Structures are given as structure tokens and as C-alpha cells.
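K.L.:
Chains A and R supply the protein sequences, listed in that same order. Residue 209 in my numbering sits at position 209 of the first sequence, and the numbers go up by one each step. Residue 469 in my numbering sits at position 469 of the second sequence, and the numbers go up by one each step.
In case anyone wonders, no lab produced these hints; they're calculated from the structure. One or more hints might be untrue.
[Unchecked claim] Taking lysine to any residue pairs in the SDA-like style, the calculated list, with each CA pair at most 20 Å apart, reads: (1) 427/R / 322/A; (2) 617/R / 512/R; (3) 457/R / 43/A; (4) 457/R / 329/A; (5) 321/A / 428/R; (6) 13/A / 478/R; (7) 10/A / 284/R; (8) 321/A / 478/R; (9) 457/R / 46/A; (10) 617/R / 562/R; (11) 193/R / 326/A; (12) 193/R / 245/A; (13) 193/A / 266/A; (14) 321/A / 237/R; (15) 193/A / 321/A; (16) 427/R / 324/A; (17) 311/A / 280/R; (18) 188/R / 250/A; (19) 9/A / 237/R; (20) 314/A / 261/R; (21) 321/A / 476/R; (22) 314/A / 277/R; (23) 245/A / 231/A; (24) 457/R / 322/A; (25) 188/R / 311/A; (26) 13/A / 237/R; (27) 321/A / 462/R; (28) 321/A / 419/R; (29) 10/A / 465/R.
Computed from a predicted structure; not experimentally measured.
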Amino acid sequence: MAEAQALTKKDFKSDQDVRWCPGCGDYAILNCVQGIMASIGVPKHQICFVSGIGCSSRFPYYMNTFGFHSIHGRAPAFATGIKTANPDLSVWMVTGDGDGLSIGGNHMAHILRRNVDVKILLFNNEIYGLTKGQYSPTSPQGLKTKTSPMGSVDRPMDPVSFALGCGATFVARTIDTHLKHMEQVLLAAAHHKGTAFVEIYQNCLIFNDGAFDAFAEKTVRDDKTIDLRPNQPMVFGKNLDKGLKVDGWEPRIVTAAEADVWRPDTHSPGPAFVMSQMDSNSTMPRPLGIFRAVAAPIFDASLHEQIQRAKSTKGPGTLEKLLHAGETWTVR
Amino acid sequence: MNPTRERDVQSFESVVIRFAGDSGDGMQITGNQFTHTSAVIGNDLATFPDYPAEIRAPAGTRPGVSGFQVRFSSSDIHTPGDQPDVLVAMNPAALIVNIHDLKPGGIVVVNTGQFSDSDLKKAALAKSPLTDGTLSGFRVIEIDINKRVTEALKGTTLSSKEVQRCKNFYTLGLMYWLYHRPLETTIKWLEEKFAKRPELAEANKLAMQAGYNAGDIHELFQGRYEVLPCTSMPPGTYRNIMGNDALAMGLVAGAQLAGLQPFLGSYPITPASGILEALAAYKHYGVITFQAEDEIAAICSALGAAYAGCLGFTSTSGPGVALKTEAMGLAVSVELPLVIVNVQRGGPSTGLPTKTEQADLLQAIFGRNGEAPIPVIAASTPADAFETAVEACRIAVQYMTPVILLSDGYIANGAEPWMLPRIEDLKPFPVKFVEPNPEGGFQPYARDAKLARPWAKPGTPGLEHRIGGLEKAHLTGNISYDPDNHEFMVRMRQNKVMGIRESIPTPNVFGDSTGDVLVVGWGSTHGAITSAIEELRKKGRKVGSLHLRHVWPLPKDLDKLMACFRSVLVPEMNMGQMARVLRSEYPEQNIISYPKVQGQPFRTTELVKKIESLLEK
Ligand code: SF4
Numbered sequence: 001m002a003e004a005q006a007l008t009k010k011d012f013k014s015d016q017d018v019r020w021c022p023g024c025g026d027y028a029i030l031n032c033v034q035g036i037m038a039s040i041g042v043p044k045h046q047i048c049f050v051s052g053i054g055c056s057s058r059f060p061y062y063m064n065t066f067g068f069h070s071i072h073g074r075a076p077a078f079a080t081g082i083k084t085a086n087p088d089l090s091v092w093m094v095t096g097d098g099d100g101l102s103i104g105g106n107h108m109a110h111i112l113r114r115n116v117d118v119k120i121l122l123f124n125n126e127i128y129g130l131t132k133g134q135y136s137p138t139s140p141q142g143l144k145t146k147t148s149p150m151g152s153v154d155r156p157m158d159p160v161s162f163a164l165g166c167g168a169t170f171v172a173r174t175i176d177t178h179l180k181h182m183e184q185v186l187l188a189a190a191h192h193k194g195t196a197f198v199e200i201y202q203n204c205l206i207f208n209d210g211a212f213d214a215f216a217e218k219t220v221r222d223d224k225t226i227d228l229r230p231n232q233p234m235v236f237g238k239n240l241d242k243g244l245k246v247d248g249w250e251p252r253i254v255t256a257a258e259a260d261v262w263r264p265d266t267h268s269p270g271p272a273f274v275m276s277q278m279d280s281n282s283t284m285p286r287p288l289g290i291f292r293a294v295a296a297p298i299f300d301a302s303l304h305e306q307i308q309r310a311k312s313t314k315g316p317g318t319l320e321k322l323l324h325a326g327e328t329w330t331v332r
Numbered sequence: 001m002n003p004t005r006e007r008d009v010q011s012f013e014s015v016v017i018r019f020a021g022d023s024g025d026g027m028q029i030t031g032n033q034f035t036h037t038s039a040v041i042g043n044d045l046a047t048f049p050d051y052p053a054e055i056r057a058p059a060g061t062r063p064g065v066s067g068f069q070v071r072f073s074s075s076d077i078h079t080p081g082d083q084p085d086v087l088v089a090m091n092p093a094a095l096i097v098n099i100h101d102l103k104p105g106g107i108v109v110v111n112t113g114q115f116s117d118s119d120l121k122k123a124a125l126a127k128s129p130l131t132d133g134t135l136s137g138f139r140v141i142e143i144d145i146n147k148r149v150t151e152a153l154k155g156t157t158l159s160s161k162e163v164q165r166c167k168n169f170y171t172l173g174l175m176y177w178l179y180h181r182p183l184e185t186t187i188k189w190l191e192e193k194f195a196k197r198p199e200l201a202e203a204n205k206l207a208m209q210a211g212y213n214a215g216d217i218h219e220l221f222q223g224r225y226e227v228l229p230c231t232s233m234p235p236g237t238y239r240n241i242m243g244n245d246a247l248a249m250g251l252v253a254g255a256q257l258a259g260l261q262p263f264l265g266s267y268p269i270t271p272a273s274g275i276l277e278a279l280a281a282y283k284h285y286g287v288i289t290f291q292a293e294d295e296i297a298a299i300c301s302a303l304g305a306a307y308a309g310c311l312g313f314t315s316t317s318g319p320g321v322a323l324k325t326e327a328m329g330l331a332v333s334v335e336l337p338l339v340i341v342n343v344q345r346g347g348p349s350t351g352l353p354t355k356t357e358q359a360d361l362l363q364a365i366f367g368r369n370g371e372a373p374i375p376v377i378a379a380s381t382p383a384d385a386f387e388t389a390v391e392a393c394r395i396a397v398q399y400m401t402p403v404i405l406l407s408d409g410y411i412a413n414g415a416e417p418w419m420l421p422r423i424e425d426l427k428p429f430p431v432k433f434v435e436p437n438p439e440g441g442f443q444p445y446a447r448d449a450k451l452a453r454p455w456a457k458p459g460t461p462g463l464e465h466r467i468g469g470l471e472k473a474h475l476t477g478n479i480s481y482d483p484d485n486h487e488f489m490v491r492m493r494q495n496k497v498m499g500i501r502e503s504i505p506t507p508n509v510f511g512d513s514t515g516d517v518l519v520v521g522w523g524s525t526h527g528a529i530t531s532a533i534e535e536l537r538k539k540g541r542k543v544g545s546l547h548l549r550h551v552w553p554l555p556k557d558l559d560k561l562m563a564c565f566r567s568v569l570v571p572e573m574n575m576g577q578m579a580r581v582l583r584s585e586y587p588e589q590n591i592i593s594y595p596k597v598q599g600q601p602f603r604t605t606e607l608v609k610k611i612e613s614l615l616e617k
């Protein structure tokens, strides 16, 4: 652990040139993650970054840890294999809206429901960046792109709603332009036991610049977003004078004093789902922060527990035992 | 009851029985039990289960017929036999579907309790085959098994439906009587199987005993038969084994010999699911099994586990391989050990899920984007699947490469006696991971004498590195788009895989080593080919056979072996895929393809006829 204590952000920078477009939101995330890694107390040889394909998926190359840049959409399966093979590793997965929710949507659903102890960072830029600007499953309806010259007719999906629907045990959202918030959320994710799913709004300035400006731009951010903090009143606004109250199924804006306390650990993910579907085109703020954080059995640990149990009840398997099991007979 | 008088017993060298009934009649269990008992008393044997893809096609119909053929013998045999000597037919559909295969003069045991007009209608029969002459030329034994079982189980607490489900054990008992087999092995099996429902164990035992007694009391048969233990089997310890089980055990053994924890990522698919099921029961061997959400996740998880230091396995059938193809390319690129098992079935597409075929050979050798060489090896019999799986593991770890291991439905579900290898004969091939903090730094794409790259386990200090599917620079493994480097790496991967030739033996020719026809086979055609060669050599023909375990790369010196014959015949359950490979590798040889694509294995007689036709030329 001596090494871990001495680590700084610099130790996590690899010797590879970072090749994202200058000004891409990915830089801020990389910077933040490198900082987090230095503070979570895990030696870098115990950390493994796994990714699929896309701009975000180049991430592992820039981390001075173990890294596996796999194939499009399949990172959850690789991460599951790695974590299950060696549960001592701290496994992080980096994906995007196309990689994680379109081609890899199936795998994403299953890693979330299994609760494999993997931290998932989904960079959502609402566009396909690496293939140069086609609409993605999170692009808003009407978005004009190279493959939707008259505007996309697809209805977008919400990554947080999706994760909640899959039974994820930790679901959060943050934004590339709000470093402090990102740090807090990523630290909470790092400390969660089980799958942690973090959607990070990430600006692609080349193909979808300003996608989140309506609520994330610094001048409006305080009034247009709300930070869901566990067990804290749901307040927002420049002066923290506004609050949210959930009446029945509908959230409404109230004064700070009347605000409900946010609980991410209710038995049902219902409240978190209501938050994730809050229509921010209206006057409602866009929720960031921690939607859900509950404890549940962890896949990789349960699997190894079964193996240990089998070994202790049946005795460890040897080649001799393997071959001679069942009925045998001898020819002399 | 009195034991049958010994003078009634007639001895046979080899007998073939086919049990046929509705999918719900338990014919597979009956066949397996008969096989097991015969194995334990020391017969050589071979089996051929043949069942429909539907779990329960409408009861009593022809598509719902499930069959199990077993051949047991006092001499060495290689196939489950071309024609049954005995057919057991539990209903009209089973009778009509199978009767044409029965040997002239063979015995047919018919359950007349299932021959009502409505039963005939379900089998699409206008007249009863019992009376319309269909059965002339056979020895017909009619028994109302439905009724007999009801009588035998009178007084038990079972419902009449449950009683009828014991019919197959009545049949089994009858066959045990006829062929002089002990009941103990099955009794033991029933007691274990129904430990939690002793009344079912008891009922099935009663039914079996009733069937056994019926042979005596009712004088259904003219006498009894026996097939003595096989004395020509080499000395050793044996067990009866099915292909999928042997293969699963081979994977476990392979991982142990490599000193690695095995990880299987798999998705259920016919006929490969048995491997996942078998390995899931081997947790005490440290086996990690992961039933993935799909075929792609199955292989990706296994490759992830291989990256993390396990020996990765994934098991599937042809349609699953199609889905895994992209990840197989990645495995070639990141050069990690991974065994991909393809239990082939009839294709294309969903094809014939429960029938056998060998039509995925070219897919295995060539079916990926880019230059993506993968070694391919093939099991030839159920027992051989063990050794072949161990060999797949050896190649995977010694060459740091994915390996495709081909089996097929015929091997997967077939059974034969397996002479257990001696533990000391299983040669370990221990893996050496890269040590922490190597002097002079770590190069993930350095090479050893076999051109294999080092295996660096995440969690080892000083080895932090990144890998992926983008082209890598020689030595450093960093992303490289350099044209010369790309060609260098393509050739490097190719040379590595072709270099496996240096570590594989040239197979021995069976039979004559020079002569008129050499039969070259691979995979599950082994039994039929061997039997055909034996038969022809008995007639004085100059023929031999050569069976390939390593189908890619091919072993050295095959051309020299082929050159000793006038022509080379390649029988395959496909349109001639191996023949095509051999022609391209050895254009100077006279290679004749003999394809069969019916979802059924070759019969010995078919091969004999084909070879004889070549001999006449
Ligand atoms: S295309 Fe967009 S997302 Fe990709 S690197 Fe450039 S700015 Fe970033």
C-alpha cells in the first residue's frame, strides 16, 4: 500500500498521446478520473480499465493502469470476465451512448442486473463521434445529422431510466463541465459495492456542440439543474431557495423549506425513476447527482463463494478424482 | 420364478438395439441405462441417440419420435451399427419411422397397448402396420406394455399417468432379460435419481422387474441371447462416457495441466449445452462458469478472463460461432489463450439443431474478417474428446492463441467405453506468467521461440499495459498504423500459428500404408471409416485410413503418406470442405470427395461400397 499512498494524478497518466479533439469534454473526465484514482487507495497495478469502441473507449490507453480496449458494445462482458476471474482487481468500464446503449445495450442491461462489482462511466454526448456525426440512441428527436438530414425521428432513451429499469444498485449522473460535482459522484461510485453506473454528460464540440447548454451552461446551471444528494433536501437555485416536492408521481417546484429529502435507497426505484423522467424542457431542473444507491449481493463474490463452498463440501478436485468419478470397471 | 435354462442361451458377437418411442416415452433414458449396464459388464459399445429438435412434438406423431441406438459387442467396434437387430417400438409412429432400418429377420418388439385407431391416426396411418404386412419378414413380439405396467404397479400410490411413465423401464427390463444383463446398475441409478421421491424409484424398479420376469413367464421369446464381455479391449480401467462430458473433463484437465483456473463463458445451445452443464457441476475443481446473456458476451467474458489470467473457454454450436466471430478476431489480435468449442450441427442458420454435420470446417479455418489465423483441432469419438480438449488447451497456452475445438452432435451425445488415461501419462504444460517489475521494463508484444507473446496478469506490479483490437507495434504493443508494421504483425501471427506444425505429430496410417485407396477423415467419421477399412482388408483389399486431429494447420508429411496410394477419398458430412482444403494444400494429389449431408452419420456399408467402387476403376 506504500505505493498507493504515494500516488498522484501524474502516476495515472500513461505515456500515450491523448488524441481527442482539442476542447472535447473527454479531457475533463480523464483529468478527473486520474485525480480520483490517486485518492481511492488502490495501487495502480490493481486497476483495470475496460472499454468498447468509440471516442470515449480510447480512455484506457491514456491511463497508466492495466487496460483492455475491446470491441464495440461488449465491454460489459469483458469487464464481467475480468472481475470474475480476479475479484481483487478494481475494474472500471468506459463507454458511450452508442457503445453502451445501442450496440451494447443488451450487455449493459445484464451487467447491471447481475450487480458485478464494476464501475461504469457512460459518456453521453448524444451523437456518434468516432464515425463522424450520426444520431445516437440518446439524440433528441429532430436532431439533424448526416444520417438524419431532416431530423431524427427516433425517440431517445434516458440512460438513467434504463439503468434503473435494469435493477442497477448505483445510478448517478454528472457533467463534464462541473469538475467538483464529477469528483464527488465518481468517488461515491468508487466506494459503492456492486455495479456503479454513472452517466456523464459530455460535450462533443465537433458534432454536437452545446447539446447540454440549455441547462448546463455555467450561467444557468444553478437554476436549471438540481443535485440529488443522499438524505439531503432537494434544493436548487443560485441561492438554494427552490426545492422539489414529489406529490403522487409528479414532482413540482416548491420553496426550499418545503422540499422533500432525497432518498436514493428506497425499496422501490420508483422515486429515482420519477426523477430520471422529469421533463426538463419545461420549467423543471435537470437532475444530476445520485439517483440510486442500494446494497445487494455482488455477482463475482457470490460466484466465488459457491466455488469455495463446493470445494469445502466435496473436497478440492484432483485429476484422479475427475477421471475416476462414476462407475468404472477394469479389464485385465 | 425359475432361472432360464442355460441351453436356451444363444451367443452373439455383437447386437444392435434401437429403442424408439414418443419424445415423452423416456427412450433416451432407457437407451442410456442399457448402455451403462452393458459397459459395466465389459462389452465394447457405441451409441447413437437420434431425437427431434422439438421438446415435445405432438404426442404420437412421426416428428415426435425419439430413438436411441446402442450396439454392444464382445469384440472391438467403432460404430453403433448400420442396422438394428432389435427394434423396440412404443407406438405406431415409432414403428413406422424405424421399421425400414431393421435387419431382415430382425426382432421387433411392439407395444400393442398404443395401437388404437386414434394412435394410428396420430401416426398418419390408415391401416395398422401390425396387420397390413409391414412386419412380414420380421420376428414380431407383441406386448401390451400399457396394460402390463398397470398390472405391475397396482397397489402403488401413483396416478395412472405416473404409472404409464414407467413403461420405458418395463421395456428395459424385458431387454435386460433377453440379453442376460443384471439389473443392479439401473437399480442403483434409480435410487440416486429419485432419492427425494422413493415411490418413483420403487415404481420404476417394479416395472423393470415385471418386464424382466415377463421374458421368463410369458415365453415371449424363443430363448435368450448373450453378448460376452469384450476380451480384446486393452487392459486398463474403463468408464462409459458421452462426448460432451469427455470434452468438459478434458477442459478441466487441460486447465489443471496448465496450472490455471478455468473460466467458461457460454450460452445454452443444442447440442453444446451439455458442456456448460457439466462444467457448472465442477465448481470444486475451481471452474468458473458464466452463463452469459448471449453468445457474444459468452466469448467476450472468456477472453476477459483470459486477459486476467484464467484459461478461457467458450462452448457453442455453429450459429453461436457466427455470433462470436468478431471476438475471435480480437482474440487473434490480443493473442490470449482461449478455447472455442463448436459442437457442430446441421446448418445453415438454425438448420437441424439435433442432427449432426461437419459443415463448419471452413468457417473454423477461415471465417473471420482480416487475416485472422486460428488453429483448429477436431475430436473423433466421444472418448477422444477428452484428449483433444487437453490438446486444445496446450496449444492455446503454449502459443498464446485462440484455438477452435470441433466436435459434433454425433460425438456430443454418443457414448463409448473410455480407457482412462493414467495420471502420470498426462504431461503438464505449466504456464509462466511475467514476473513483477521485470528488469529493463516490460514489452507486451515481445516473442519467445514459438513466437508467443508473454502473458502478463493484471494485478502484477510493474506490468501495467494496454491491449486492444487496434493494430499493435511489434514489441511495445502500442497502437500503430504503420504500413510496414502491419504487414510484419500479420505475418508474425500467421507464422506463429503455422509454427504449431512443429509440435504436432504426423498421424499414423491405419491398415495398409501403401495401396489403392487411402481414406482421409477428420472428426466423427472415424468409427465408420475404421470399420470400413477393417472390412475391406478382411477381403484382401489394399486400403488404409488416416484420421486428422489437427485440421489446421495440417500436420507435416501428409503428402508423403497420400502419395503411397492411387487415390485419396475424403468422406465428410459436408459438401467436401476438407477435400477442398487438402486440394489447395496438396494440388498434386488425387483427392476424391465423398460428401453426405443428411444430418446422419456415415454407415459403414456406404463407405465400403464407395471405396469398392474406386477399387474397381
Ligand atoms: S468527435 Fe466529439 S467526442 Fe469525439 S473526440 Fe472529438 S469532440 Fe470528443
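K.L.:
Decide, hint by hint, whether the structure agrees.
P.N.:
Quick rundown of the hints versus the structure:
{"no.": "1", "hint": "427/R / 322/A", "result": "holds, 16 Å"}
{"no.": "2", "hint": "617/R / 512/R", "result": "holds, 19 Å"}
{"no.": "3", "hint": "457/R / 43/A", "result": "holds, 15 Å"}
{"no.": "4", "hint": "457/R / 329/A", "result": "violated, 43 Å"}
{"no.": "5", "hint": "321/A / 428/R", "result": "holds, 17 Å"}
{"no.": "6", "hint": "13/A / 478/R", "result": "holds, 15 Å"}
{"no.": "7", "hint": "10/A / 284/R", "result": "violated, 43 Å"}
{"no.": "8", "hint": "321/A / 478/R", "result": "violated, 45 Å"}
{"no.": "9", "hint": "457/R / 46/A", "result": "holds, 10 Å"}
{"no.": "10", "hint": "617/R / 562/R", "result": "holds, 18 Å"}
{"no.": "11", "hint": "193/R / 326/A", "result": "holds, 14 Å"}
{"no.": "12", "hint": "193/R / 245/A", "result": "violated, 59 Å"}
{"no.": "13", "hint": "193/A / 266/A", "result": "holds, 17 Å"}
{"no.": "14", "hint": "321/A / 237/R", "result": "holds, 13 Å"}
{"no.": "15", "hint": "193/A / 321/A", "result": "violated, 37 Å"}
{"no.": "16", "hint": "427/R / 324/A", "result": "holds, 18 Å"}
{"no.": "17", "hint": "311/A / 280/R", "result": "holds, 13 Å"}
{"no.": "18", "hint": "188/R / 250/A", "result": "violated, 65 Å"}
{"no.": "19", "hint": "9/A / 237/R", "result": "violated, 62 Å"}
{"no.": "20", "hint": "314/A / 261/R", "result": "holds, 18 Å"}
{"no.": "21", "hint": "321/A / 476/R", "result": "violated, 43 Å"}
{"no.": "22", "hint": "314/A / 277/R", "result": "holds, 18 Å"}
{"no.": "23", "hint": "245/A / 231/A", "result": "holds, 14 Å"}
{"no.": "24", "hint": "457/R / 322/A", "result": "violated, 28 Å"}
{"no.": "25", "hint": "188/R / 311/A", "result": "violated, 26 Å"}
{"no.": "26", "hint": "13/A / 237/R", "result": "violated, 59 Å"}
{"no.": "27", "hint": "321/A / 462/R", "result": "violated, 39 Å"}
{"no.": "28", "hint": "321/A / 419/R", "result": "holds, 15 Å"}
{"no.": "29", "hint": "10/A / 465/R", "result": "holds, 16 Å"}
Checked against the numbered hints listed earlier, the structure breaks hints 4, 7, 8, 12, 15, 18, 19, 21, 24, 25, 26, 27; every other hint is satisfied.
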